[in-house]
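Protein chains in written order, with this note's numbering: chain A, 11 to 106; chain B, 8 to 158.
It is possible that part of the hints are untrue.
[Claimed, not checked] DEER-style ranges, computed between Cβ atoms: (1) A:VAL64 / B:ASP125: 23 to 31 Å; (2) A:PHE47 / B:ILE38: 25 to 33 Å; (3) A:VAL64 / B:ILE63: 30 to 38 Å; (4) A:LYS75 / B:PRO79: 46 to 54 Å; (5) A:MET11 / B:ASP126: 19 to 27 Å; (6) A:LYS75 / B:VAL70: 36 to 44 Å; (7) B:VAL56 / A:ILE76: 23 to 31 Å.
[Claimed, not checked] In silico lysine to aspartate or glutamate, EDC-like type, Cα no more than 16 Å apart, as pairs: (8) A:LYS77 / B:ASP125; (9) B:LYS82 / A:GLU103; (10) B:LYS40 / B:ASP126; (11) B:LYS40 / B:ASP125; (12) A:LYS40 / B:ASP125.
Calculated directly from the structure, the hints in this document are not laboratory data. Using N, Cα and C, we set each Cβ at its ideal position, and we do this for glycine too.
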Amino acid sequence: MINATVLSAILTIIYITVITVAGELYPPLKEFLAKNFSHHWIGKSITAILVFVVFAGLLLVLKPKIKTAFLLNLLSAISIVSALILFSFFAWESFR
Amino acid sequence: MTPILKLALIGHVFAGLVALIFYYAMIPNLIGKNPQLNFLKRLSLFGLVSLLVSWILAGYYYVTYYGQNVKPLIKSGQLPWAHSILMETKEHIFLFLPFLGLVLLASLLSIKSDITRDDNLRKALASLAFLIVALGTAVTIFGVVISGAAK
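Same shape as in the complex, but just chain A (with noise of 0.2 Å):
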């Protein structure tokens, strides 16, 4: 249970990267987003809760055999590359 847990994180931690790079630089995803769940901050909230359940429920079915401790530091190295990352397209789009 607990490997379906941690790769469905990181799958989620990755999709609100994209989803938020994504909208930034596509204005029709974020409309879309923000039509559909008043705000596209909330948006970004559902789908990522979404994508996090469906994932878990997959892996729970594959069942993947990957050693617990590697995966939990896969994930606090994705989140870390995942802030910079959104951090750094912040500060590109603010400037540019």
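Assemble the complex: chain A is given as a structure, and chain B must be docked to it using the hints.
Relative to the frame of chain A, chain B by itself:
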């Protein structure tokens, strides 16, 4: 600002800081010689609940008030980057935290063997708790700057 909005604004900061305290408290226990699994589970649960409360309160304030009332003030002021860089980064990095918190809790709940015997797992969990504290601290600092820019 209505009393409910003030409560949401103050509440989301308070709940977030409380979460950071819980996750910070986990770190020495995880890296120490005698990690107390039940204690860690409780800290992790309380930390996650605090993050969820912060998520809801922050979302309410952000969606109903910030966009129309605070954002224009910051963007037309002396520190427009406080919104375009810090707020934009903060509001999206925050979304990572509940999932990281959930993983930490799920990991602790699913441990069947003696946690003291698995150094790699303990270190990985400690790293994750530290990451939550680090990201949460960054979010908090960004929030302080944003508040200053709004005055």
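Checked hints:
1. At about 30 Å, the CB distance of VAL64 (chain A) to ASP125 (chain B) agrees with the hint of 23 to 31 Å.
2. A C-beta distance of roughly 40 Å is found between PHE47 (chain A) and ILE38 (chain B), which places it outside the suggested range of 25 to 33 Å.
3. For VAL64 (chain A) paired with ILE63 (chain B), a C-beta distance near 22 Å fails the hint of 30 to 38 Å.
4. Under the hint 46 to 54 Å, the C-beta atoms of LYS75 (chain A) and PRO79 (chain B), about 53 Å apart, fit the expected range.
5. Taking the beta carbon of each, MET11 (chain A) and ASP126 (chain B) are about 22 Å apart, inside 19 to 27 Å as hinted.
6. For the pair LYS75 (chain A) and VAL70 (chain B), the beta carbons lie near 42 Å from each other, so the given range of 36 to 44 Å is met.
7. At about 29 Å, the beta-carbon gap between VAL56 (chain B) and ILE76 (chain A) stays in the expected band of 23 to 31 Å.
8. Restraint check for LYS77 (chain A) and ASP125 (chain B): the C-alpha separation of about 12 Å stays at or below 16 Å, so the hint holds.
9. Straight-line distance between C-alpha atoms of LYS82 (chain B) and GLU103 (chain A) comes to about 14 Å, which keeps the hinted pair within the 16 Å bound.
10. Note on LYS40 (chain B) and ASP126 (chain B): the hinted pairing holds, with a Cα-Cα distance of about 10 Å set against a maximum of 16 Å.
11. This hinted pair checks out: LYS40 (chain B) and ASP125 (chain B) have alpha carbons roughly 11 Å apart, not beyond 16 Å.
12. A C-alpha spacing of about 44 Å is found between LYS40 (chain A) and ASP125 (chain B), which places the hinted pair above 16 Å, so the restraint is violated.
In this structure, the hints that do not hold are numbers 2, 3, 12, in rising order.
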